[in-house]
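*Asks:* One-letter residues, chain by chain:
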Amino acid sequence: ATNSSSNTTQKNIQSRNWYLHDSQWIIFKDKEIVSTSRSDHSENN
Amino acid sequence: MESLPGINDASSNQEVVNGDDEIHDLSLKKGDEWKIGVSSDNKLIVKIIHGIAEIFGTELANNKDYVFQNFKFSIFAVEDVELQWRCMELVGTNLSVQENITAKYIYNLHFALEKLRAASFDGPKIMIVGNSNTGKTSLTRTLCSYAIKYKTYQPLFVNLNPAEGIFTVPGAISATPVSDILDPQSSRWGQSMTSGATELHSKQPLVKNFGLEYIRENRELYKVVISQLAEVAMNRMQNDALVHRSGCIINTPPLEDLDDDLSELLVSFNQFKVNYIIYLGEETDENFSKIKKMFPESFLANILRIPKLSGIIPTDDIYKRSLQRSSIREYFYGTYNSVLSPYTIGVDFDDLTVWKPKNMIEDQENMEQSSPSKYTSVEINASNLQHSLVSLTYADRKENESAVQKAAILGYGLVTEVNEKRHKLRILLPVPGALPNKAMVLTSYRYLE
Ligand SMILES: Nc1ncnc2c1ncn2[C@@H]1O[C@H](COP(=O)(O)OP(=O)(O)OP(=O)(O)O)[C@@H](O)[C@H]1O
Ligand SMILES: [Mg+2]
Numbered sequence: 094a095t096n097s098s099s100n101t102t103q104k105n106i107q108s109r110n111w112y113l114h115d116s117q118w119i120i121f122k123d124k125e126i127v128s129t130s131r132s133d134h135s136e137n138n
Numbered sequence: 011m012e013s014l015p016g017i018n019d020a021s022s023n024q025e026v027v028n029g030d031d032e033i034h035d036l037s038l039k040k041g042d043e044w045k046i047g048v049s050s051d052n053k054l055i056v057k058i059i060h061g062i063a064e065i066f067g068t069e070l071a072n073n074k075d076y077v078f079q080n081f082k083f084s085i086f087a088v089e090d091v092e093l094q095w096r097c098m099e100l101v102g103t104n105l106s107v108q109e110n111i112t113a114k115y116i117y118n119l120h121f122a123l124e125k126l127r128a129a130s131f132d133g134p135k136i137m138i139v140g141n142s143n144t145g146k147t148s149l150t151r152t153l154c155s156y157a158i159k160y161k162t163y164q165p166l167f168v169n170l171n172p173a174e175g176i177f178t179v180p181g182a183i184s185a186t187p188v189s190d191i192l193d194p195q196s197s198r199w200g201q202s203m204t205s206g207a208t209e210l211h212s213k214q215p216l217v218k219n220f221g222l223e224y225i226r227e228n229r230e231l232y233k234v235v236i237s238q239l240a241e242v243a244m245n246r247m248q249n250d251a252l253v254h255r256s257g258c259i260i261n262t263p264p265l266e267d268l269d270d271d272l273s274e275l276l277v278s279f280n281q282f283k284v285n286y287i288i289y290l291g292e293e294t295d296e297n298f299s300k301i302k303k304m305f306p307e308s309f310l311a312n313i314l315r316i317p318k319l320s321g322i323i324p325t326d327d328i329y330k331r332s333l334q335r336s337s338i339r340e341y342f343y344g345t346y347n348s349v350l351s352p353y354t355i356g357v358d359f360d361d362l363t364v365w366k367p368k369n370m371i372e373d374q375e376n377m378e379q380s381s382p383s384k385y386t387s388v389e390i391n392a393s394n395l396q397h398s399l400v401s402l403t404y405a406d407r408k409e410n411e412s413a414v415q416k417a418a419i420l421g422y423g424l425v426t427e428v429n430e431k432r433h434k435l436r437i438l439l440p441v442p443g444a445l446p447n448k449a450m451v452l453t454s455y456r457y458l459e
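Chains as they are written, first to last, in this note's numbering: chain A, 94 to 138; chain B, 11 to 459.
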């Protein structure tokens, strides 16, 4: 059986961002990025 | 142009996936690990039917297909595990299943770190060191995974081995807060930041460019770049209470790659204000004695030793190079599960300013040996730039070499074509839009299909 969820993400073509400047990275909070499709392990958080 | 790098790979993957549909069952006893190597022209699909299994500390979900390619890793049974696998390459071979005899050391180390995190807002900063192929990167990865497994910690993972492009390309060193689980399918640990949705929460690395393949090619520059990474990383820790409490876990290059006096290690130790060193190897190792001698008596209790990990699968340069290629390809094209669309842009020779780090070994005769960390300027032509990976800096094109060396890194580009007659070249960029009007730095890495 193929994994349907990986097929959907595959069609969803995205691009990368430039890296943040050092000064922005210092104040960046990782929890502010919200991914729409969470991992299977998210209940552990 | 015939074909873009990466495109061919993606199409051939599809065929491999459908190649072998024979499903095999395997049971692993609690405490065992299955050591696996899958080549780049094969795929392994694994589904855990029952029980808890981990890859480098990341737990696998039950009844989900995990797909592996060009990866040496092991599946560790935390409890008795029943799984199914299919892979042409492994059919008819003896599967290597053995007891993981070093797992207990990793658990103990993890619980010691948990105690330190619980006891202070200033979390433990540990550096993993050892000879080549002792399990440094695997241990770092497992400790990062365990740290986020039950508690909302966000350890800062620091990679000081420029030969391993983790969350970024090879040639770079990086610091990345680990804020969500690592992708067990990825030899490069998973995705770094992309726009839009990714299957796993992508990680935001701080990247500094060393740019050469071997540390010995410019040890001075390597130390400068470590200090620059550490300065920003320590600043982040001061500003981010969660990362601060979680501490940092530093992966280092094999000791064989360092200078005889291991001075690179000392710089890393001082810059990151490391409070524990974990040595992977034997009590009798020459390098272990050497390291103990480098530090004052009062610090010796903070140098801990773990035997070389039992899961180790010896690797060679061919495999390491293939991982470097995967890492460059992933930077531009993403992974099987989250495909990225890079962007090719045509530019005139006159629109570029390119610098490069000095290679103190190759350029010995014709280059002044003073100020080794100073960049030199690169003439734009095919032999210098064709297929090469370049870093784009935040420094404007007209800035001097010293400002360029100190500048933050915007990202990487790949020169796909150099047309000397027309004075033009084509660069593959990860982000759509115009070429940023910034200074570039040539790396020693080349990539072509
Ligand atoms: N359970 C395991 N523990 C350790 N290593 C493992 C395990 N399973 C597979 N391996 C493989 O063993 C190889 C060597 O491990 P690793 O890369 O962690 O060593 P290293 O000390 O970081 O090597 P280097 O000095 O070259 O950076 C890797 O290919 C790794 O994937
Ligand atoms: Mg390593």
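FYI, nobody ran anything at the bench for these hints, they're computed from the structure. Computed from a predicted structure; not experimentally measured. A hint or two may mislead.
Reference listing, derived: stretches of chain B covered by chain A, where coverage requires no fewer than 3 residues with Cβ under 8 Å from a Cβ of chain A [claimed, not checked]: (1) 134 to 145; (2) 238 to 249.
In silico lysine-lysine, DSS-like type, Cα no more than 27 Å apart, as pairs [as the list claims (entries may be wrong)]: (3) B/LYS125 <-> A/LYS122; (4) B/LYS159 <-> B/LYS39; (5) B/LYS40 <-> B/LYS114; (6) B/LYS114 <-> A/LYS122.
Where a beta carbon is used, it is the ideal one built from N, C-alpha and C, also for glycine.
*Asks:* State for each hint whether it applies.
*Replies:* Against the structure, the hints come out as follows:
no., hint, in the structure
1, 134 to 145, "violated (count 0)"
2, 238 to 249, "holds (count 4)"
3, B/LYS125 <-> A/LYS122, "holds (24 Å)"
4, B/LYS159 <-> B/LYS39, "holds (22 Å)"
5, B/LYS40 <-> B/LYS114, "holds (13 Å)"
6, B/LYS114 <-> A/LYS122, "violated (33 Å)"
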